[in-house]
Amino acid sequence: MSGAVDLCLRSLRRLLWRNGRSYCTDHSSRVKIFDRNLKRKQRDRASWLLRPGDSLVDAVAENLLDRLEDCKKTFPSALCMGGSLEAIRRLLNGRGGIEKLTMMDTSVDMVKLCEQAEQNSPNKNVETSCIVADEEYLPVKESSLDLVISCLGLHWTNDLPGAMIQSKLSLKPDGLFLGAILGGETLRELRIACTVAQMEREGGISPRLSPLAQVRDAGNLLTRAGFTLPGVDVDEYTVRYNSALELIEHLRTMGETNALLQRNTSLKRDTALATAAIYESMFGTEDGTIPATFQVIFMTGWREHPSQQRAKKRGSATVSFKDIHKEFGGGT
Amino acid sequence: MVRRSGVLLKKVAAGISSRLAEILVCPLTKQPLRMCDKTNSLISDSIGVSYPIVDGIPRLVPSDGIILHSDQDLNSSDPPQTNSS
Chain A
3 MSGAVDLCLR SLRRLLWRNG RSYCTDHSSR VKIFDRNLKR KQRDRASWLL
53 RPGDSLVDAV AENLLDRLED CKKTFPSALC MGGSLEAIRR LLNGRGGIEK
103 LTMMDTSVDM VKLCEQAEQN SPNKNVETSC IVADEEYLPV KESSLDLVIS
153 CLGLHWTNDL PGAMIQSKLS LKPDGLFLGA ILGGETLREL RIACTVAQME
203 REGGISPRLS PLAQVRDAGN LLTRAGFTLP GVDVDEYTVR YNSALELIEH
253 LRTMGETNAL LQRNTSLKRD TALATAAIYE SMFGTEDGTI PATFQVIFMT
303 GWREHPSQQR AKKRGSATVS FKDIHKEFGG GT
Chain B
87 MVRRSGVLLK KVAAGISSRL AEILVCPLTK QPLRMCDKTN SLISDSIGVS
137 YPIVDGIPRL VPSDGIILHS DQDLNSSDPP QTNSS
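As given, the protein sequences belong to chains A and B, one line each in that order. Residue numbering for the first sequence follows the numbering used here, beginning at 3 and increasing consecutively. Residue numbering for the second sequence follows the numbering used here, beginning at 87 and increasing consecutively.
Please keep in mind that the hints were generated in silico from the structure rather than gathered at the bench. This structure is a prediction, so every number in the text was calculated from the model and none was measured. Check the hints yourself; a few may be wrong.
Stated by the list, open to error - Okay, derived cross-link-like pairs now, EDC-like style, lysine to aspartate or glutamate, Cα gap no bigger than 16 Å in a straight line: (1) A:114 <-> B:141; (2) A:174 <-> B:108; (3) B:116 <-> A:144; (4) A:174 <-> A:64; (5) A:174 <-> A:144; (6) A:102 <-> A:120; (7) A:270 <-> A:329; (8) A:102 <-> B:108; (9) A:143 <-> B:108.
Unchecked claim - To give a feel for the contact side, a few chain B residues facing chain A, derived at Cβ under 10 Å: (10) 109; (11) 110; (12) 112; (13) 113; (14) 114; (15) 116; (16) 123; (17) 143; (18) 150.
Glycine residues also receive a C-beta, built at the ideal position from the N, C-alpha and C atoms.
When you get a sec, could you build the whole thing from the sequences and use the hints?
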């Protein structure tokens, strides 16, 4: 059934281009890195394994939502896309003055979990609604939202600039986009251990970790999407596990396991054991635990609005540098 | 007990909340959607695709959409109906 729909999607795209207007961002030029269908199934599984109160996810969500308190503006209508939906909903605590919250995820089970959580402990003063949708094909009308939040979800999109452009279009003027994605330093210990083990055991390497954005790219992403007043900052979280297996289990509960199209679908037992052993020998600490780094890049951007500050026009200066120099640095 | 049956009734009665009807559009064409009560789905007329609503949650992932053929229902010209919920 999905094969037939893919065929129809391709002919649809041809139809849309023939009309001379493109309704969605141009997907024909991008390379497919991630298997989105597999990611849906992994997120279904993550919703079954979810433990509310996961310290890493909560820390990131808390950090993201804190930024709402830095703004004087209120955001009556908000959309929360993918990633750690449940944590955002639980930790919102009325920040940002949100009145209407829409929760969105590609996985049906995750959305149902959020709906259930909402019924069990409803957020007072917040009207919550849920939809199942893809971040790369955002089904939201233009200029209809005050706030778009995505906490640890966008690093699994094939077309990240396109997803951000669609988010920007869905924002009203002076609307805010808050995003948190995993950065390039994430799980570098695991990446090193996997590579060494595979080189030893299999004589070659296959991609085990997804390509992740670098901090310097985050600013470009925001400006390319057309956001004004972009802000990027980075936080590194080190989580300690008793064994490499616990790390993998944690990744499964977060829905962050491998979904690369080029992945090797089999993992030899020898390679897995070698990876765990190398991880412990190279990075193990004295108390027997192993650390794992999670680098989170926080991005904020606003939709343009006349009230935002901007550079003055050329030639409109009233004070010259010479005057400033005379005033302050004349003697030296 | 009464609350649970109230929730069940809300889900059986087709439709989406007025909040969602305000903001949802077709994910592929960004054109407005039309509610179809008979099949309990949202229809995008410009490309002839219907997106199902299951348990009150609309599924707007493009691969979940069902292509409508001309002999299926493209009638029912009601404007998008909303449930006051």
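Taking the hints in turn, this is what the structure says about them:
no.: 1; hint: A:114 <-> B:141; verdict: 9 Å, holds
no.: 2; hint: A:174 <-> B:108; verdict: 14 Å, holds
no.: 3; hint: B:116 <-> A:144; verdict: 8 Å, holds
no.: 4; hint: A:174 <-> A:64; verdict: 25 Å, violated
no.: 5; hint: A:174 <-> A:144; verdict: 8 Å, holds
no.: 6; hint: A:102 <-> A:120; verdict: 13 Å, holds
no.: 7; hint: A:270 <-> A:329; verdict: 73 Å, violated
no.: 8; hint: A:102 <-> B:108; verdict: 12 Å, holds
no.: 9; hint: A:143 <-> B:108; verdict: 8 Å, holds
no.: 10; hint: 109; verdict: 5 Å, holds
no.: 11; hint: 110; verdict: 5 Å, holds
no.: 12; hint: 112; verdict: 7 Å, holds
no.: 13; hint: 113; verdict: 4 Å, holds
no.: 14; hint: 114; verdict: 6 Å, holds
no.: 15; hint: 116; verdict: 5 Å, holds
no.: 16; hint: 123; verdict: 19 Å, violated
no.: 17; hint: 143; verdict: 5 Å, holds
no.: 18; hint: 150; verdict: 7 Å, holds
Hints 4, 7 and 16 from the earlier list are contradicted by this structure; the remaining hints agree with it.
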